[in-house]
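*Asks:* Listed below are the residues making up each chain.
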Amino acid sequence: MSIKQLSIFLENKTGRINEVTKILGKNGINMHAFSMAETTDFGILRLIVTEVEKAVEVLRNANFAVMLTDVVCISCPNVAGSLSEILERLAENDIFIEYMYAFAEGDNANVVIRPNNIQKCLEILGSCNCSIKID
Amino acid sequence: MIWNPNKECMSRDEMHSLQSKRLNKLVTYVYHNVPFYRNKMQEMDITPEDIQSIDDIVKLPFTTKQDLRDNYPYGLQAAPPSEIVRVHASSGTTGNPTIVGYTRKDLAVWSEVMARALTAYGITRDDTFSVSYGYGLFTGGLGAHYGVENLGATVIPTSTGNTEKHIRLIRDLKITGIACTPSYALYLAETLEKMGLSKNDISLKVGAFGAEPWTESMRKEIEDRLGLKGFNLYGLSEIMGPGVSYECSEQNGSHICEDHFYPEIINPETLEQLPVGEHGELVFTTLTKEGMPLLRYRTKDLCSLIPGTCACGRTAIRMGRIVGRSDDMLIIRGINVFPSQVESVILEMPEFEPQYMLIVDRINNLDTLQVQVEVRKDFFSDDIGRMLALKKRLSDKLKSVLSISAEVKLMEPNSIERSQGKSKHVIDKRIL
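Residue numbers (this note's numbering), protein chains in the order written: chain A, 1 to 135; chain B, 1001 to 1432.
Read the hints as simulated data drawn from the structure, not as lab findings. Only a predicted model underlies this, so the values are computations on that prediction, with no experimental measurement involved. C-beta: ideal position from N, C-alpha, C; glycine also. Every clue listed holds true.
Cβ-Cβ distance ranges computed for the label pairs, FRET-style:
id, chain 1, residue 1, chain 2, residue 2, range
1, A, 107, B, 1366, 50 to 58 Å
2, B, 1354, A, 25, 31 to 39 Å
3, A, 63, B, 1056, 53 to 61 Å
4, A, 91, B, 1359, 38 to 46 Å
5, B, 1431, A, 39, 26 to 34 Å
6, B, 1216, A, 63, 24 to 32 Å
7, B, 1169, A, 68, 56 to 64 Å
Full structure from sequences and hints, please.
*Replies:* Written out as structure tokens, the structure reads:
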């Protein structure tokens, strides 16, 4: 199952990311994962949070351009070669990855993937050595 | 209907020869009667004999608003005081007011050109017409008034103020035409609705709107709410007043009464005359004026001229919508850039909010232009590639319109300051 990621448009301006985290913090919304994609003048902040709908509402009220994007979140063993194995399977099956971000912690590594074809990606991951996170 | 087909539909050759004859006469007249022009021409080493054709107009000096102020009150008047029968004055909010004296013949020309305008709008002697421009020193009220009388329609000199009484008259007298500012027309619509009435209770069919800038969306709103057809009426007191140009039923530019007011478009920086069709500053020469004739008066209004016979049958050249004031013009890397050009590109792209800001700077001796635009919330994409493509699409369009490249900066919604009234769209950081 895919999960909803928040995508937020940000100008490259000092303190702008903090504005987002402050609003989420104030509203008791916790962040699981966080990634920033940047160009010369703007960036897209991508977040996995606890209460997606509420996060969208509070950020829109603060005039942020926010949208929801379907992504796949998996957990795989934190050992050499495990991600490579998964990515290999995806590539074999023509799944193109638009972007991804990951972080490792103890025995596991969490990976957020934005594939071009969510359903097919999920099917393939189902037969891989990883668990698919649902919220 | 055409009021004066002889002039309004004259062949281009005949018009050229009429304008040439009138320009030669005008130059001789001002040379002998206005020291300001005689001195200027002597400085430029030209005499009236050098002006044989209308094409020689480029040899003549320009006149600016500042020249009128410097020669306050009667310095540019050519006719003797005994010949002046009326004086109008522009507001003097930024210096001396501008004083314009009219001879009896000037007033006749004025009511002639106003009658041309009203006829183009479809007004006939069977109409009842309300003039709701201010009567007084401002040229709008009396200028339109005598045009309506000259045409033979019934004029109701309502002037401004007491809008409820005005609406009562519009109903009871079955007024069919109105001349006023577009903003007053909207106020009239509001008052009408407040009184519990609608366009179905009145019989207005024509609105002659001018004296302030207005847009197509205002036109549509006024037409919807008052149930009339709105026409542009252009004029300026220095040249005459309302009636210098007017829209016809085609509404593709305003026909200039060019047998009386010769138009040119110039580059406001180099002052060179530009070919017909190009955008630049509109300049008028009053070919037949006696009281205060002006050579090449710079209006500061930016527009282009539209040549060719109009579908309405008139051959008189048209002026396009005024896109800005030459005061707003920026020169970037030697190219003239108007904020309105940028605006038109942005308005065409639904992905952006209509707000924008131009940041002009000079970095390493090279002028830079940054265009800041807000991405609309519903067009924001999580895909950086798509966002960059959107940015490139705007910068490509800007480049083709402006002829210089601009750096586009995508901004968050609501991050560009909204100002009341005249929005400020330019920050020029260059120290020149």
